[in-house]
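Listed here are the chains, written in short residue letters.
There are 2 protein chains.
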Amino acid sequence: MNEQNKPRPLAEQISELTTNRLSVYLRCLNELDQSGVRTISSKALADQFHLNAAQIRKDLAYFGEFGVRGVGYYVKELKRHLRQILGLDREVRVAIVGAGNLGLALADYPGFRQEGFDIVMLFDSQSQKIGLHSRGGVPIHDIQDFKRLVHREKIGIVVVAVPAASAQGVVNKVVAAGVKAILNFSPGALRVPDDVKLKSVDLTVSMESLSFHLAWGDTTE
Amino acid sequence: MNEQNKPRPLAEQISELTTNRLSVYLRCLNELDQSGVRTISSKALADQFHLNAAQIRKDLAYFGEFGVRGVGYYVKELKRHLRQILGLDREVRVAIVGAGNLGLALADYPGFRQEGFDIVMLFDSQSQKIGLHSRGGVPIHDIQDFKRLVHREKIGIVVVAVPAASAQGVVNKVVAAGVKAILNFSPGALRVPDDVKLKSVDLTVSMESLSFHLAWGDTTE
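Residue numbers (the numbering used here), protein chains in the order written: chain P, 311 to 531; chain V, 311 to 531.
Be a bit skeptical, because a hint or two may be false.
A pair counts as met if it fits within one copy or between any two copies, since identical chains are not told apart.
As the list claims (entries may be wrong) - List of simulated lysine-lysine pairs, DSBU-like, C-alpha gap at most 30 Å:
1) K509 <-> K389
2) K490 <-> K509
3) K457 <-> K368
4) K483 <-> K439
Don't read these hints as lab results, they were simulated from the structure. In this text the structure is predicted, and so the values were computed from the model without any measurement.
For reference, chain P alone in the conformation it holds in the complex:
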């Protein structure tokens, strides 16, 4: 990663909600590109995918001028820009800690590979799992070798899929190995230093939001 050659946006201005929307735009552009669409206006993009045209223009304006008057966006070009903005123009290597049901399923999840994430290895502490592979062929390593292998394999993102009680301990180990980006599937609050980005996918919170809807009816978005 050569940061000096990149046009650097004011990263602190870019909220997580913005990057989430950029991901969604990229997904839409992938679909359009696969359908052979070559150009699209922000309005047509918004209409087709139930997005907000003004928001699209505002989000993209952080990063430069991508639209062409009278044409809109060139689909392939905007796709390329979004992939660069999201850091997907280089290989992103990923390790998963926890070779339980969820960790093994994530290791073979085709959605990650399609977007250019390379799931390189799993880690577990249970000796009977070490040396085995996921169905898709991702090898399971001993968590004892975590730091050494993460350095050797240039892992950028670590996915934590361990029981809640072990999660903070694992996260501490991940941080100590110098990893700056963690995707966590364990419930509960976890602490990381300021320079480490932690995203948590709390499946129980999602289910409880649905349960609330069933109990009380519509909620606003």
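We have chain P already, so just place chain V on it with the hints.
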């Protein structure tokens, strides 16, 4: 579910962010209860779990007066109230469509069962999977029998864990069966009627947010 006997909040005032926070509070109270803590102030709750005390008071105020002056909250009582608010005071029965890696992992995910969600069945369209079970014993049924079984088994929430290309078709089938709450793991935008609540967990969006962080440094929350 007897809605008439429930104190009905102005559900349209309660945002998704609020219900997400209520879930987090419940998780914190579970931990406190397990540790034998009997009462806690909003400030102590906030300090211990990195939350915002004013926000806690505001979120709970939608639903009544739970704090006691000079005491704070009674942990067990607030837990009970939150479970009621989130609709967890009754059994929530869940079916999963898609018995691939992710669907099977979700069927056996212990976090769901701990919070009172009952994963009753899986559905798939591949005939060789039908009649089999997840490792944890959740049976796999034919998607052809979806409507009949969902009614018979009083399924409240359906989890969709199918490839992106099949997702809208499956969601249409789920909606047609009268289900009002869907948790979707497929990438891309899906359409549901206004009275159906759809929550999407887009794992690729989460990963891309981390990738952005690796490429550009800190983002604001």
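Evaluation of the provided hints:
no., hint, in the structure
1, K509 <-> K389, "both (24 Å within a copy, 26 Å between copies)"
2, K490 <-> K509, "both (11 Å within a copy, 28 Å between copies)"
3, K457 <-> K368, "neither (41 Å within a copy, 43 Å between copies)"
4, K483 <-> K439, "within (20 Å within a copy, 39 Å between copies)"
Going down the numbered hints, you'll see the structure goes against just number 3.
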